[in-house]
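Undergrad: First to last, the protein sequences are chains S and E. To convert a position in the first sequence, counted from 1, into this note's numbering, add 3. Residue numbers are given in this note's numbering: position 68 of the second sequence equals residue 57, and the series is strictly consecutive.
Be aware that one or more of the hints could be misleading.
The list that follows gives simulated cross-link-like pairs (lysine-lysine, BS3-like), each with its CA atoms no further than 27 Å apart [what the hints assert, rightly or not]:
#1 S:K157 - S:K167
#2 E:K120 - E:K(-2)
#3 S:K268 - E:K16
#4 E:K89 - E:K120
#5 E:K231 - S:K99
#6 E:K11 - E:K(-2)
#7 S:K49 - E:K11
#8 E:K(-2) - E:K117
#9 E:K16 - E:K39
#10 E:K63 - E:K11
#11 E:K63 - S:K49
#12 E:K63 - E:K39
#13 E:K89 - E:K39
#14 E:K39 - E:K(-2)
#15 S:K49 - E:K16
Quick list of simulated restraints, FRET-style, between CB atoms [said to hold, decoys possible]:
#16 S:F195 - E:L(-8): 45 to 53 Å
#17 S:S72 - E:T81: 29 to 37 Å
#18 E:Q58 - S:R264: 51 to 59 Å
#19 E:A80 - S:L203: 21 to 29 Å
#20 E:D62 - S:R264: 54 to 62 Å
#21 E:K(-2) - S:F195: 44 to 52 Å
#22 E:A80 - S:G270: 21 to 29 Å
#23 E:G116 - S:D260: 42 to 50 Å
#24 E:E137 - S:S255: 25 to 33 Å
#25 S:F148 - E:P65: 48 to 56 Å
#26 E:L(-8) - S:N246: 55 to 63 Å
#27 E:T215 - S:R264: 17 to 25 Å
#28 E:I291 - S:D94: 50 to 58 Å
Here are a few chain S residues that face chain E, going by a calculated C-beta distance under 8 Å [stated by the list, open to error]:
#29 K49
#30 L61
#31 R63
#32 T79
#33 M129
#34 L253
#35 V257
#36 E262
#37 L266
#38 H271
Everything labelled a hint here was simulated from the structure, so no lab data went into it. All C-beta atoms, glycine included, are put in the ideal place defined by N, C-alpha and C.
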Amino acid sequence: MSSSAVSLYLDPQIRDWVLFPITLVMILVGILRHYVVLLLQSPPKKLSNEAIREQRALVRSQIIRATSSNSPIPPTFYRSISQHLSQAYADGTFLKDGPPKEGSTPPAAPNPLSDPAAMDGMMSGMKTQMVMMVPQMVIMGWINFFFQGFVLIKLPFPLTLGFKSMLQRGVETPDMDVRWVSSLSWYFLNFFGLNGLYRLILGGENSADGSRDMTTPFAAAAAAPQPPQAQDFNKLFKAERDNLEFAEGLYSWVGQDIENRVLQKYGHSE
Amino acid sequence: MDLTNSLQKLAAYRPQRTPKSKETLEKGIVILQNNGYAKQGDEGWESVEKLALAALDEGNVEVADRCLQLLADKFPGSSRVDVLTGIRMEATESPETALKFYDELLEADPSRAAIWRRKASVLRQMGKLDKSVEELSAMLDTFYTDVEGWLELADTYASCQQYTYALQSLSHALLLAPQNPFHFLVFAETAYLAADIPLSLKMFLVAVDMTDDDDGVVPPRDSIPTALTLRAWYGVKLCTSKLTTEPRAASASASHTPAPTIAILANVDELATERLRTAYLNIKGVSPPSADKELITVLASIIQ
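Isolated chain S, as found in the complex (with noise of 0.2 Å):
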């Protein structure tokens, strides 16, 4: 039943003792947690100089490979460097460990628990997740206990009857339209609405947004730490071998008919 000729009239206190305060303070909320996130960010750690070296060999194979088939070195260099790096790949001498001695296993994946450096990651991590998760659960209670009981707000999109117990917690009547919702549902809006000002106010990479992390809870807490210690360079390094070969199927020198070129160029090419 349509209640459009009926309509309640709102306490204007409401919105002044309500409706201003929530919203204040979960925009005040947020720009506190951005700080405070940025206070307990600690500094990236740093790499021996072994593991650069072993995050850069992939760079050097995709270097010469980037220009292979217009490439500025003759024939005899390029393919010396491409030989080298390919023998450096296959025998590991870029790990960080020095080559794998024979027989040895290859080394598993990093485990959290006992490799320190992911370990810091994924504490970090953990860190903000706290950080966003306990001023939320503060704010929803102390919603629900002090303003419990009455409508807030007329949204002016409508809904389904579904959604009756959830936003209008409190005043419960069987046919009051779904869009009269109670101050919970306020906070709900506030919550995934106030991404934009708070790229107003804090720039655009603000850790204040709390609705990002409700849908990669976990996800974060393992994308947090750096990629590269997961991954088996080993592994890597033997597939870069295969890249290096196309290269150099694909090669071929800028200098290789340069004096034709030239010539045409100044009209000398009889």
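Knowing the structure of chain S, use the given hints to seat chain E on it.
TA: Frame of chain S, contents of chain E only:
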């Protein structure tokens, strides 16, 4: 200027007395007296660094010290300040002291590329070329993408006539920055010194191809070669004349580069001569001599 760029510049610093450094020094001293740098904000600090380097160029250690003091007070623990301190130490103290300073810094944090490079350049100045080469190679093995480092390594090898290694280092530099014609020029000149004339000829021609203005107003055949293009044409001429006078050079290529056929060689030689004569005429106003040998000698005067 962001941190990596500035660190690279500092790592490659060499004291050179130029009129520019003198000018920077004179202007800078005035501002320093009036304490004007404090007012210039972020850019002011970069000027202080430039002033310190200019002062070291000219040998004015006192001004350099004052600048260094200003920077150290403002940015304690900065890596740029560390490298500057090292440079200043190199200017006055014995190389061993500077070396010890760099070693201490590297022990504290072994992954500082700029400090490593300065250490290698100090070793080179001390004459310990093999140690310098060792350090530089180790550093480039870890930090592969440092183009200037590869160029310096090539220079060090070339100074001891180890041209194969020099060419190998230059090929890494070329791979990293193939769009820079200067690297091709250096490669070609090193190949010439290494008596690999066909390779040198091809590389000079590549440099010509890259630097002549074929999208410009005037078509290439009517244009006048300048600067890099001129130098490249000069190199081409040297190679072609060498190949025509010494046919053995054509087959003696260490990199197995095929030499051009006689007909093509003649054409290239003719083209190079014409280009160089045009340039000479344009710069000096008189027509150069026609015989090859005199032409080459006379052209050397217009090449930088």
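Undergrad: With reference to the structure, classify each hint as holding or not holding.
TA: Each hint tested on the structure:
1. Annotation: proposed proximity of K157 of chain S to K167 of chain S holds, straight-line Cα distance about 13 Å (limit 27 Å).
2. The hinted pair formed by K120 of chain E and K(-2) of chain E meets the criterion: a straight-line CA distance of about 22 Å does not exceed 27 Å.
3. Of the pairs offered as hints, the one joining K268 of chain S and K16 of chain E is violated, with about 48 Å between alpha carbons and a cut-off of 27 Å exceeded.
4. Of the supplied pair hints, the one linking K89 of chain E and K120 of chain E holds, its CA atoms being roughly 15 Å apart against a limit of 27 Å.
5. Taking the CA atoms of K231 of chain E and K99 of chain S, the gap is near 49 Å; set against the 27 Å cutoff, the hint is violated.
6. Restraint check for K11 of chain E and K(-2) of chain E: the C-alpha separation of about 19 Å stays at or below 27 Å, so the hint holds.
7. Taking the CA atoms of K49 of chain S and K11 of chain E, the gap is near 40 Å; set against the 27 Å cutoff, the hint is violated.
8. Using a Cα cut-off of 27 Å, the hinted pair K(-2) of chain E and K117 of chain E holds, with the two alpha carbons roughly 23 Å apart.
9. Straight-line distance between C-alpha atoms of K16 of chain E and K39 of chain E comes to about 11 Å, which keeps the hinted pair within the 27 Å bound.
10. For the proposed pair K63 of chain E and K11 of chain E, the alpha carbon gap of about 26 Å is at most 27 Å, so the pair holds.
11. Taking the CA atoms of K63 of chain E and K49 of chain S, the gap is near 25 Å; set against the 27 Å cutoff, the hint holds.
12. Distance restraint check for K63 of chain E and K39 of chain E: the Cα-Cα separation of roughly 16 Å lies within the 27 Å cut-off, and the hinted pair is therefore satisfied.
13. Taking the CA atoms of K89 of chain E and K39 of chain E, the gap is about 25 Å. The hint holds against a cut of 27 Å.
14. Note on K39 of chain E and K(-2) of chain E: the hinted pairing holds, with a Cα-Cα distance of about 11 Å set against a maximum of 27 Å.
15. Straight-line distance between C-alpha atoms of K49 of chain S and K16 of chain E comes to about 41 Å, which puts the hinted pair past the 27 Å bound.
16. The supplied range of 45 to 53 Å is broken by F195 of chain S and L(-8) of chain E, whose beta-carbon atoms lie about 39 Å from each other.
17. Between S72 of chain S and T81 of chain E the beta carbon distance is about 52 Å. The supplied range of 29 to 37 Å is therefore violated.
18. Distance hint check: the CB atoms of Q58 of chain E and R264 of chain S are about 57 Å apart, consistent with the given range 51 to 59 Å.
19. The hinted range of 21 to 29 Å is not satisfied by A80 of chain E and L203 of chain S, whose Cβ atoms lie roughly 51 Å apart.
20. Restraint check, D62 of chain E to R264 of chain S: a C-beta distance of roughly 58 Å satisfies the suggested window 54 to 62 Å.
21. Against the hinted window of 44 to 52 Å, the Cβ-Cβ separation of K(-2) of chain E and F195 of chain S comes to about 48 Å, which satisfies the hint.
22. Distance hint for A80 of chain E and G270 of chain S: a CB-CB separation of about 54 Å, inconsistent with the stated range 21 to 29 Å.
23. At about 44 Å, the beta-carbon gap between G116 of chain E and D260 of chain S stays in the expected band of 42 to 50 Å.
24. Remark: the range hint 25 to 33 Å for E137 of chain E to S255 of chain S is upheld by a beta-carbon distance near 28 Å.
25. At about 50 Å, the beta-carbon gap between F148 of chain S and P65 of chain E stays in the expected band of 48 to 56 Å.
26. Distance hint for L(-8) of chain E and N246 of chain S: a CB-CB separation of about 32 Å, inconsistent with the stated range 55 to 63 Å.
27. For the pair T215 of chain E and R264 of chain S, the beta carbons lie near 21 Å from each other, so the given range of 17 to 25 Å is met.
28. One distance hint, 50 to 58 Å for the beta-carbon pair I291 of chain E and D94 of chain S, holds here, with the actual separation near 52 Å.
29. A cut of 8 Å between beta carbons decides the hint on K49 of chain S: the least distance to chain E is about 7 Å, and the hint holds.
30. The beta carbon of L61 of chain S is not positioned within 8 Å of any beta carbon in chain E (closest approach about 11 Å), and the interface hint is therefore violated.
31. The interface hint given for R63 of chain S holds, since its Cβ lies 5 Å from the closest Cβ of chain E, which is under the 8 Å cut-off.
32. About 5 Å separates the beta-carbon of T79 of chain S from the nearest beta-carbon of chain E, less than 8 Å, and the hint is met.
33. Because the smallest distance between the Cβ of M129 of chain S and any Cβ of chain E comes to about 28 Å, over 8 Å, the interface hint for this residue is violated.
34. Annotation: L253 of chain S was flagged as interfacial toward chain E, and the flag is violated, the nearest CB pair being 15 Å apart, outside 8 Å.
35. Annotation: V257 of chain S was flagged as interfacial toward chain E, and the flag holds, the nearest CB pair being 6 Å apart, inside 8 Å.
36. About 5 Å separates the beta-carbon of E262 of chain S from the nearest beta-carbon of chain E, less than 8 Å, and the hint is met.
37. Satisfaction of the interface hint for L266 of chain S is found here, the shortest Cβ-Cβ separation to chain E being roughly 5 Å, below the 8 Å cut-off.
38. With its C-beta approaching chain E no nearer than about 5 Å, H271 of chain S sits inside the 8 Å limit, and its interface hint holds.
The structure is inconsistent with the numbered hints 3, 5, 7, 15, 16, 17, 19, 22, 26, 30, 33, 34, although it conforms to all the rest.
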